[in-house]
Amino acid sequence: MKIENTKAQMRKGVLEFCILSVLKDEDAYVAEILSTLKDAKLLVVEGTIYPLLTRLKNADLLSYRWEESTSGPPRKYYSLTETGHLFLTELSSTWNALQNAVNIVTSQKNNKNE
Amino acid sequence: MNKTVNINLAGIFFHIDEDAYLKLQGYLEAIKRSLANSQGSDEIIADIEARIAELFNERVQNNKQVIRLKEVDEVISIMGQPEDYVVDDEIFEDEPHTNSSQKTHTKKKLFRDADNAYISGVSSGVAHYFGIDAIWVRLAWILLVFGLGTGVLLYILLWILVPEAKTTAEKIMMTGEPVNISNIEKKIKDGFENVSQAAKNVSDSVSQAAKNVDFKKSTNSIKSTSRTFFDSLADAVMLLFKIFSKFIGILLIFIGAVTLIALIISLFSVGVADIIHIPGFENIDILNIGNTPIWLVSLSIFFAVGIPFFFLFYLGLKILINNLKSIGNIAKFTLLGVWIISIICLIVFGIRQASEHAFNESYIKKTALPITAKDTLIVKMVHSHKFNSKRRHNDFKLTHDDHGNKVLYSSDIRVMVKSTTDTIATLSVIKNADGRSFDAAIARAKNIDYHYAFTNGTLLLDSYLTTNAKNKFSDQEVDLVLYLPENTVVYFNSNTKDFIHYRTHDDHLVSSKNTNHFIKILDNNSKCLDCPDWEEDDINIEVSTPEIKIDNNGIKVDSDEIKININSEGINIKSNH
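Residue numbers (the UniProt record's numbering), protein chains in the order written: chain Y, 1 to 114; chain G, 1 to 577.
Careful, some of the hints might be misleading.
Claimed, not checked - Below, simulated DSS-like cross-link-like pairs (lysine-lysine); rule was C-alpha separation at most 30 Å, straight line:
1) 374(G) <-> 406(G)
2) 70(G) <-> 76(Y)
3) 12(Y) <-> 246(G)
4) 470(G) <-> 406(G)
5) 470(G) <-> 556(G)
6) 12(Y) <-> 406(G)
7) 246(G) <-> 332(G)
8) 38(Y) <-> 166(G)
9) 23(G) <-> 41(Y)
10) 406(G) <-> 166(G)
11) 41(Y) <-> 406(G)
12) 38(Y) <-> 406(G)
Stated by the list, open to error - Where chain G lies over chain Y, by a calculated footprint (3+ residues, C-beta under 8 Å):
13) 47 to 55
14) 59 to 73
Keep in mind the hints are simulated off the structure, nothing from the lab.
Where a beta carbon is used, it is the ideal one built from N, C-alpha and C, also for glycine.
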């Protein structure tokens, strides 16, 4: 078992949640989403995001509109749909619960070790 | 100086170096392939192209600047490798869709590994399949070869049936790794590395040779001597093996070729035998009672024998010529199919042939002979000048009769003598033959021609039977039973000796020993009238009192009062008083 694979899987698991979170307050095009995720060090390479975006769009969680760009090709601006918002709320509560659980488990371990 | 290409990426125009273009094209192709199983792959590709265009756009200041390999590499490092695009379906399984096709990729398949081949790559292929080192498989072969040679057969079978891993995808499948872009790339890279390594080795050895010429011994030559010794020993053994395998190859080719040529010649000659009448061929036709077309039988035999030898021949060729083109699986399986069909045909012919002997029937014709008690009958055989006079069972000869018809001739004649209470003698001619059915056997038996003549107390029996060649040979035989009234005397000429059974049995009264003698027929018994006494084997004197016994052993008297025993040991008298 490679550590890289596990890391990638962990990251991929929360990626969907993070993409939706980025789009929660404002619409964004791919490069903006990417820069947010990259700044947070959640994404190493960009390739992963494209299939994810398409998948979310196909699940009606996202919608997009085309906007002209002064430099380069036209941009796809993504926004959350109604179901997307509901989905995100559900995911964040799950995430909080999960974070809690992970915190408890890992801190317990640490206490025992010390 | 570099040639450039113009490309349109997501509606934006770019100048790009040709090598950079090729790299980008390969990258996009690889992504397309890795996304082939995903939904909406076209849309994803369009998004990716748009992003790449954006990234390129950031890197060029004006329209005249060219995208170089450096930019493409940068973009690829940002975007990630093809497998990064594949979303792990197990994590993101939110819609039911088929991913079975992906699973089949990782299945290991058995191929022959020609890259690491010794003879044909069967061993290394099997080794890949079981995930072990090829040396163990090779050792197992050697053990199997010594164990009754089953290894050879199995090896040949695997060689024929297992395809060679030719494409990179097949080579990856052989090792059990999943077939994806990066693995294929890795494999190809490995191949290049192998080649470059080999080239390096060659250049190393050349420089080494140059050093040797200069008599400049390297300081660590002693250290490497032992290694080179074992290397050269291994090389020598390998060479020996190779020579041995080539020798086997030549042997196989020779055996295969000779057999094939012989088969082709014989097939050809059987095919034309009808026209040019090769001697001996007609005999085959006579034996063919099942009336199976001869060409079909010979074709079946040709394929049944020829195809295995063809494979042997092919195998030999393969051993000799390393990069021999395969005859293809279709050809192999077709040949296998033809072989099985011809074997089945031969079995069917065999059963048909055997079923012709299912019934053995007799056609009996009785004729009275004017012989009464006290008459003397002389029996003689009449031989034909055309045939030999010896009696032979289950043998036949094909000749032409006086009218030029093809006739089957057999000397399967038996003569028996039995006593009868009738006043007149009878000759019973029993014609026997085999057939597929009762009717066929009877018809064949009726078609047997057999003749005899009776003149002046002499019975002249033909020593042969004939039948039209159309009837085929199917155990035709004639039994002659001579029923003689008691007290008649019969004299068998010595030429009947072969045709009379040696022993007396089944009421058969005259042994072949007793030819040339006058024999008197008694009630179920016979008596030789002019045989010398010493010819009598057994003394049998009937004595009315049961106490006295006289036979070959001597005389025995066993009464209540006395016991007398006279034999070759002497006389022994015992009184019971």
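Hint by hint, here is what the structure shows:
Taking the CA atoms of residue 374(G) and residue 406(G), the gap is about 44 Å. The hint is violated against a cut of 30 Å. At most 30 Å may separate the alpha-carbon atoms for a hinted pair to count; residue 70(G) and residue 76(Y) meet this at roughly 27 Å. For the proposed pair residue 12(Y) and residue 246(G), the alpha carbon gap of about 57 Å is over 30 Å, so the pair is violated. Straight-line distance between C-alpha atoms of residue 470(G) and residue 406(G) comes to about 8 Å, which keeps the hinted pair within the 30 Å bound.
Between residue 470(G) and residue 556(G) the alpha-carbon distance is near 65 Å, which puts this suggested pair outside the 30 Å criterion. Under the criterion of a C-alpha separation no larger than 30 Å, the hint pairing residue 12(Y) with residue 406(G) is inconsistent with the structure, at around 94 Å. At roughly 23 Å between alpha-carbon atoms, residue 246(G) and residue 332(G) fall within 30 Å of each other, so this suggested pair holds. This hinted pair does not check out: residue 38(Y) and residue 166(G) have alpha carbons roughly 43 Å apart, beyond 30 Å.
With a C-alpha separation of about 28 Å, the suggested pair residue 23(G) and residue 41(Y) falls inside the 30 Å cut-off, and the hint holds. Restraint check: the Cα-Cα separation between residue 406(G) and residue 166(G) comes to about 63 Å, which exceeds 30 Å; the hinted pair is violated. Proximity of residue 41(Y) to residue 406(G) is assessed by CA-CA distance (about 103 Å); at most 30 Å being required, the pair is judged violated. For the hint pairing residue 38(Y) with residue 406(G), the CA-to-CA distance comes to about 103 Å; that exceeds 30 Å, so the pair is violated.
As drawn, the stretch 47 to 55 of chain Y meets chain G at 8 residues by the rule of a beta-carbon pair under 8 Å; at three or more, the given contact holds. Here's how the stretch 59 to 73 of chain Y fares: 4 of its residues keep a CB closer than 8 Å to some CB of chain G, so the rule of at least three is met and the hint holds.
Checked against the numbered hints listed earlier, the structure breaks hints 1, 3, 5, 6, 8, 10, 11 and 12; every other hint is satisfied.
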